[in-house]
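Q: One letter stands for each residue in the lines below.
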Amino acid sequence: MEQLRRERLDRSLKVRTEGIYAISAFEEILYLLGPRLLFIVGILILPFILEAAPYWKRVINIMCAYAIIAISFDFLSNFVGLVCLGGALFTGIGGYFTAIYNHYFSFPMYLSIPLAAVSGALFCTVVLLPALPLRGVYFAIVTLMYPLLFSRIIEALNILGGTNGISGIQSFPNPYIEHYTVILILLFFLFGLRRFVNEDIGLVFRGVKDNDQAVKASGINVTTIKIYAVFIASLMGCFSGAYIAHLYMWAGLSLFALDFSIIPIASTVIGGGGTLIGAVIGSFILVPLSEILREAGTLRIVIYCVVLTLFIVFKSEGLMIYLQRKYHQFERWVKV
Amino acid sequence: MKEEIILSVSNLSKSFGGLKALIDVSFQVKRGEIFGIIGPNGSGKTTLINCITGFIKPDSGKVHFKDRDITGFKPHKIAHMGIARTFQIMRPYYSLPAYKNLIVPLWSPRAKKLGGWRGGGKHGDRDTVAVDILEEIGFERDSRVPYKLASTLPTGYQKRLELARCIALRPEVIFCDEVFSGLSMSEIAGMIPLIEKMKMEGITLIMVEHRLRELFRVADRVMALNFGEKIAEGDPHEVIEDKRVKEAYLGSEGI
Amino acid sequence: MHILVYGVINSITLSLISLGFALVYSISRVPNFAHGALYITTGYIVWLFINKITGFPYLLAIILGISISGIIGALIYRLILIRIRGMEISEIIATYAIGVAILEGLRWGGLRGMTFTLPVFISGSTEILGVTVDFQRIVVVVCGALTFLFLYFFTHHTRVGLALRGIAQDERAAMMLGIDSDLTAILSLAIGSALAGFAALLLLPLGNIIVEAGYSVLIFAVAVCVIGGLGSLLGTVIASFIIGFAQILTDKYLSTHYQMVVALLAIIITLIVKPSGLFGKQKELEERV
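Sequence lines, in order, name chains A, B and C.
At position 6 of the first sequence the residue is numbered 6 (this note's numbering), and the sequence of numbers has no breaks.
At position 50 of the second sequence the residue is numbered 1050 (this note's numbering), and the sequence of numbers has no breaks.
At position 59 of the third sequence the residue is numbered 2059 (this note's numbering), and the sequence of numbers has no breaks.
Just chain A, with the same shape it has in the complex (with noise of 0.2 Å):
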């Protein structure tokens, strides 16, 4: 009997080791931009392509909305150790600020928008300031109750339109324009923080990671550092929660819901973490489906955590990677 040996070998090095994609051959330009040039194109005519479903249409929204917050996550957790449990806390702030512009100062909505999350962004951070010199369990912990805090808040001072929310905030001119908005902001997060990750001050972000006391000795201020990262990721999650307060026309306490919370978690540890491009692809699969099982009630988020617990344990590395991996290697049977 002949034996077999699985052999594998792995394409990509070569190309990566070459170094200067601009003489390489054209094919291997685009076996490396070749998925990259797949999701944008995709995702751009994602919209025309979903014209005969309309309700799935508006499902890309919330989705691309979900996906943001997603890479902001995982920005957070993987890129600078700060693992943020109360997402939420970021879409609440935004959605509540655009409500207060648009509402009360009838700002119109390209203005509400860009301005809630930045003025967002500071408030989320000038919050949690406290908490940045913490590590580890304890950000996590404490982060997990801004969001319960905030609702509170709003409940008890029953400011704001206290648990009606505010409503009639208005609303985007047509389904192309919402659409669009929030796709190519995405994207613009997603490439952006890509290459930011891979700067000089990227660099310095992710040895806050992995050992924030020798960061400290290369006399550099981790708080400072904390406090960048945290203002790009509140920034992230206040735009998403301004567009999806203008989609629903209302901002109301259940920006501060849960869903906000655990859905870019689980979105980021199925996708695969400290990939970016992971978390948007956890989202892509957990929204829809979160769509589907809209009938189950809170069943759906039971869904997400066994799923995101059995990716925890079983596999660690999420999607991306795993995809990555077997798109760079190819394994073929060779004779012993």
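Please keep in mind that the hints were generated in silico from the structure rather than gathered at the bench.
Hints may contain errors.
As the list claims (entries may be wrong) - Derived lysine-lysine pairs resembling DSBU-like cross-links, with alpha carbons at most 30 Å apart:
| hint | chain 1 | residue 1 | chain 2 | residue 2 |
| --- | --- | --- | --- | --- |
| 1 | C | 2052 | B | 1077 |
| 2 | B | 1197 | B | 1243 |
| 3 | B | 1020 | C | 2274 |
Claimed, not checked - Computed Cβ-Cβ distance ranges for the label pairs, DEER-style:
| hint | chain 1 | residue 1 | chain 2 | residue 2 | range |
| --- | --- | --- | --- | --- | --- |
| 4 | A | 289 | B | 1077 | 46 to 52 Å |
| 5 | C | 2145 | B | 1059 | 34 to 40 Å |
| 6 | B | 1185 | A | 314 | 53 to 59 Å |
| 7 | A | 295 | C | 2273 | 47 to 53 Å |
| 8 | B | 1059 | C | 2060 | 54 to 60 Å |
Unchecked claim - A partial selection of chain A residues facing chain C, derived with a Cβ cut-off under 7 Å:
| hint | residue |
| --- | --- |
| 9 | 136 |
| 10 | 274 |
| 11 | 277 |
| 12 | 299 |
| 13 | 309 |
| 14 | 310 |
| 15 | 317 |
| 16 | 319 |
| 17 | 322 |
Just so we're clear, the structure is a prediction, and the values are computed from it rather than from any experiment.
Yeah, the Cβ is synthetic: ideal placement off N, Cα and C, and Gly gets one too.
Put chains B and C on the given structure of chain A with help from the hints.
A: Relative to the frame of chain A, chains B and C by itself:
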């Protein structure tokens, strides 16, 4: 060489709960010398470094660096003034390649203030500078070692990386916390010229060490600690002949 | 007087719910974010026993409930946490996810509304210092004090307890001395979860078994532990008293809605003033900051 006191520590004390880790430790280090700190396990050597570099606040006592009181400053501020340190437990930035580990100190405000490395461009390309430093500290430039993930490097290289991270900051004083421990004889033999070279460049080295024989080959002066107290200071060979030092070591281990 | 009496009761309530969490973290360094879920689960299981099986003795139901809670805790470690030990981020996310899954699963399974209550141990009430207090609350106070004393004795004077403390202080050294770190971690999770169940059975008769209580129990437990300094039983108790009295005061002079706000403000102030928590040790300070 002019006899300038670069670092002066007076009456430093620190206790953890009931345990007195440091008791009234005082010493002075001159610019450009190699100063060794020895002592058996648990004698407070690492605590001393942590107190001086700001990672732990001392209970009492003063630390002066170039006549400036730096007691109780934050670690990053002390590093910014020019005191670098290595850590006993090596923890490189695991997720980064070796040469990218140096980007962090090269990006720091101090490195920016001092400009490029060894008169290179204003900032220079940090990647190139990083590889230069690594080459200087014994990473073969043309091999793949500098580009490997830091977590995959062997111990000897990780120790060098720790030192490289200090050098990249262009400090005036470097605290070396047990750089020789865990290395083989030949690896140590490779490290000693590096240390001598740093001394030649005018960097003051304060070496906390367990391996006395290797330390004595480079150190100009040493100080011995036992149970948080200074028991001897002076020429290495005098210190080792000191009765109390012998007792301290015989109680725990041979030399 | 009202403030004093109810302050004490509230503080002991808080320390009861947080002791389990504190114990688990101090021994095995596992932040058991499923704590609140175990609390509610125990209540629900006991409710099932006494309502679905006629004539089921309450005491037996309680014992079974607490043991099941302990077993669930041990299983969580044995099946899941053991594989991700040491990866802090994964531990947090996994235990949190398990907790949320249990709570939302119970909600989906029909644990909604105000119909789920446990009977009190002793009905009726009495007057202490001129304030009416029902017997159940007195039972809570007594049991709370006994639990604390028992835990203190257990961790300071028994072999198993000392082994657990050894692990808490230096895992590697303890392993070299022949203490099995996985076994102690399982044990600690079992004890911590059983404590959560015990607290639930004491406290739930005072209210309804609702899912939201699971989340707030987790949050209060965490708040108490952060303020008290994890790993210190005494710190946990003192922090409970601080938050407990603060809550009763806000309840009296502001509104019940602010209870959570008070807890968080207390955390933030503690972090600014003394980052290691009230009774934190230097080691902990290094871990935190």
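Q: Hints first: check each against the structure and report whether it holds.
A: Status of the hints after comparison with the structure:
Simply put, residue 2052 (chain C) and residue 1077 (chain B) have alpha-carbon atoms about 66 Å apart, too far for the 30 Å limit, and the pair is violated. With a C-alpha separation of about 33 Å, the suggested pair residue 1197 (chain B) and residue 1243 (chain B) falls outside the 30 Å cut-off, and the hint is violated. As the CA atoms of residue 1020 (chain B) and residue 2274 (chain C) are separated by approximately 22 Å, the hinted pair is consistent with the 30 Å bound. Residue 289 (chain A) and residue 1077 (chain B) have their C-beta atoms about 50 Å apart, which keeps the hinted 46 to 52 Å range intact.
Checked against the hint of 34 to 40 Å, the C-beta distance between residue 2145 (chain C) and residue 1059 (chain B) comes to roughly 36 Å, which is consistent with it. Judged by the Cβ atoms, the range 53 to 59 Å given for residue 1185 (chain B) and residue 314 (chain A) is violated: they are separated by roughly 45 Å. The hinted window of 47 to 53 Å between residue 295 (chain A) and residue 2273 (chain C) holds, with their beta carbons roughly 50 Å apart. For the pair residue 1059 (chain B) and residue 2060 (chain C), the beta carbons lie near 56 Å from each other, so the given range of 54 to 60 Å is met.
With 7 Å as the threshold, the beta carbon of residue 136 (chain A) comes within range of chain C, its nearest partner Cβ sitting at about 5 Å, so the hint holds. Interface hint at residue 274 (chain A): violated, since its Cβ lies 11 Å from the closest Cβ of chain C, which is beyond the 7 Å cut-off. At its closest, the beta carbon of residue 277 (chain A) sits 19 Å from a beta carbon of chain C; the interface hint therefore is violated under the 7 Å criterion. Checking residue 299 (chain A) against chain C: minimum C-beta separation of about 5 Å stays under 7 Å; hint holds.
Look at residue 309 (chain A): its Cβ gets to within about 5 Å of chain C, closer than 7 Å, so that hint holds up. For residue 310 (chain A), the interface hint is violated, since its Cβ never comes within 7 Å of a Cβ in chain C; the closest pair sits about 9 Å apart. The beta carbon of residue 317 (chain A) is not positioned within 7 Å of any beta carbon in chain C (closest approach about 12 Å), and the interface hint is therefore violated. Hint on residue 319 (chain A) is violated. Least Cβ distance to chain C is approximately 16 Å, over the 7 Å limit.
Hint status for residue 322 (chain A): violated, given a least beta-carbon distance of 17 Å to chain C, over 7 Å.
In summary, the numbered hints that this structure violates are 1, 2, 6, 10, 11, 14, 15, 16, 17.
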